[in-house]
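So the protein sequences, as listed, match chains A and B.
So for the first sequence, UniProt numbering puts the first residue at 1; every next one is plus one.
So for the second sequence, UniProt numbering puts the first residue at 1; every next one is plus one.
Note that these hints are calculated values from the structure, not bench results.
Remember, predicted model here, so these are calculated numbers, not experimental data.
Built from N, CA and C at the ideal position, the CB exists for glycine as well.
Be a bit skeptical, because a hint or two may be false.
Partial pick of chain B residues on the chain A-facing surface, computed with a CB cut under 8 Å [unchecked claim]:
#, residue
1, 174
2, 243
3, 339
Residues of chain B placed beyond 10 Å of chain A at every Cβ, according to the derived structure [what the hints assert, rightly or not]:
#, residue
4, 160
5, 185
6, 267
7, 312
8, 320
9, 367
10, 368
One-letter residues, chain by chain:
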Amino acid sequence: MLSKGLKRKREEEEEEKEALAVDAWWLDPSHPAVAQAPPAVASSSLFDLSVLKLHHSLRQSEPDLRHLVLVVNTLRRIQASMVPTASLPPVPSVPAAPGMADNLLASSDAALSASMASLLEDLSHIEGLSQAPQPLADEGPPGRPTGGAPPGLGALDLLGPATGCLLDDGLEGLFEDIDTSMYDSELWAPASEGLKPGPEDGPVKEQAPELDEAELDYLMDVLVGTQALERPPGPGR
Amino acid sequence: MGEDTDTRKINHSFLRDHSYVTEADIISTVEFNHTGELLATGDKGGRVVIFQREPESKNTPHSQGEYDVYSTFQSHEPEFDYLKSLEIEEKINKIKWLPQQNAAHSLLSTNDKTIKLWKITERDKRPEGYNLKDEEGKLKDLSTVTSLQVPVLKPMDLMVEVSPRRVFANGHTYHINSISVNSDCETYMSADDLRINLWHLAITDRSFNIVDIKPANMEDLTEVITASEFHPHHCNLFVYSSSKGSLRLCDMRAAALCDKHSKLFEEPEDPSNRSFFSEIISSVSDVKFSHSGRYMLTRDYLTVKVWDLNMEARPIETYQVHDYLRSKLCSLYENDCIFDKFECAWNGSDSVIMTGAYNNFFRMFDRNTKRDVTLEASRESSKPRAVLKPRRVCAGGKRRRDDISVDSLDFTKKILHTAWHPAENIIAIAATNNLYIFQDKVSSEMH
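Throw the hints in and build the complete structure from the sequences for me.
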């Protein structure tokens, strides 16, 4: 009989049933408890799952655009629903800078949409690369405006503060063989901002030892250019 | 739903002809030609296998025109895009037959990036009796040739020759999801995630872009093209579907670039069914015009819908394929099954529609009687020439003896690709790497 051979693995089923139970409860609009605190936990796991899916999708050499777009749109829906509830997703303790990359999941909404935007921008750059040699009469505007920062940095922006902090210590070493006597005069601002074009240099370097969560978020926004430098700087700047 | 013995009457009964195991490779597309004499399948390994229906013979009354392998060839090979450092999969995404115009058959097959036109010809005679060559083709020793003979054509075992006639390359930046031959038999279109191109079958070095939904900023990308098809009779009309569940009917006479649709078919979201996954499950995975050209059939994750070309506001019919999955969307999102793309098909008279589901089940809906049936394509549950037994999925409540519970469905066994013979009740079902061909046993007592 059919039912004998074709059951799924038991453990898989259990996990899915759990996830299902939480989800179903959250999604039921008639449920009286919908507006209370616990829903934030349910959608937080859905949020994390979506972020993981997004990253997995983007890590493919050639992402499936449909999958990507659907995940991004779903993520936006989840984000939009989370904003009214005061509780944000649980934030792991802020470690030293190198661990920043792992905290991607804990980024604020603005930072996340900014990084999604930059990653999508990456995709268009990939297309721009392949368009150049093709003898087509029908393709759209040739080439792609690359904007300020080299598009390849889009992915790096995610790791922005961390990378910046890591390099801070090693920057001197990198430029050891270059004669910078001309620039050592105090009239010039410290030149070790080198690797990152745009407005993110100073704050990143100076902030390194004292980054906290709010500032990291703010920096993320600045890095991807979605937020002007309008917030008053935090302590230490 | 009433799946009792009555449903067998409306579907007559189905015989199972053969199960063709295409070695180790997953079938990625199935397509009958315009007469139904030929059936083509494409697989993940880039191969195309063509089956031909044997003419009915009086000697074997039980084998009513069964399908046998006619030709196998390698259509696409894996490629490497050196500029992007990416491998291009050889998987055949779609096959479309050209209408037959002479003794040869032609089809278009496509992978993610390149479309190819293949010509299939038969050779059943060969010349024999050459003066200078022997039977193996080696030159004869002239001293042994004493008289002249006229070579004659002698019958030989049928040889099917396949040759690539055109290669339509470099037309797409994104992954091609559909191709469709125009009723003018001169042009065809190919669609990727963001663009649709129009080609002339004889010209490979250029194509015309007729739809472009790529935003100026990729950050603004929220929708992609999922499927497209030419109208069966009006060579200026075509439809394309989107990941947001909308259909756009475009008229090529209106403008060169058909970014502006003539008609937009969209059903408003049902507020009682709203969830985080509403958009994903509304994404249309397949769109097919009816043979009459009056209707369109669309498949989204949970339903198939029939649309009247004259009514844009909502579909005229909606059929639930597996509504019991509605409460499982979170799990299906987690394991990515929610992104599966199922195809759909009309029967020859546009009265029955068919689509695949999980657990090797496929569903048929009779538009006239409003009855539906769930059948299974698997060797375990049916023997050759046995009548298929209707299946039932139990989503809680009273469970009958042979019911399958929702929790024991095998989500790795998906029937994504199905095809219906253009005139007769013969269907081809691709179940992973197996092809099933089911035929209607036309029997007088059933009518």
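Going down the list of hints, with the structure as the test:
no. : hint : result
1   : 174  : 6 Å, holds
2   : 243  : 5 Å, holds
3   : 339  : 6 Å, holds
4   : 160  : 35 Å, holds
5   : 185  : 22 Å, holds
6   : 267  : 18 Å, holds
7   : 312  : 23 Å, holds
8   : 320  : 19 Å, holds
9   : 367  : 29 Å, holds
10  : 368  : 30 Å, holds
Consistency with the previously given hints is maintained throughout, with no hint failing.
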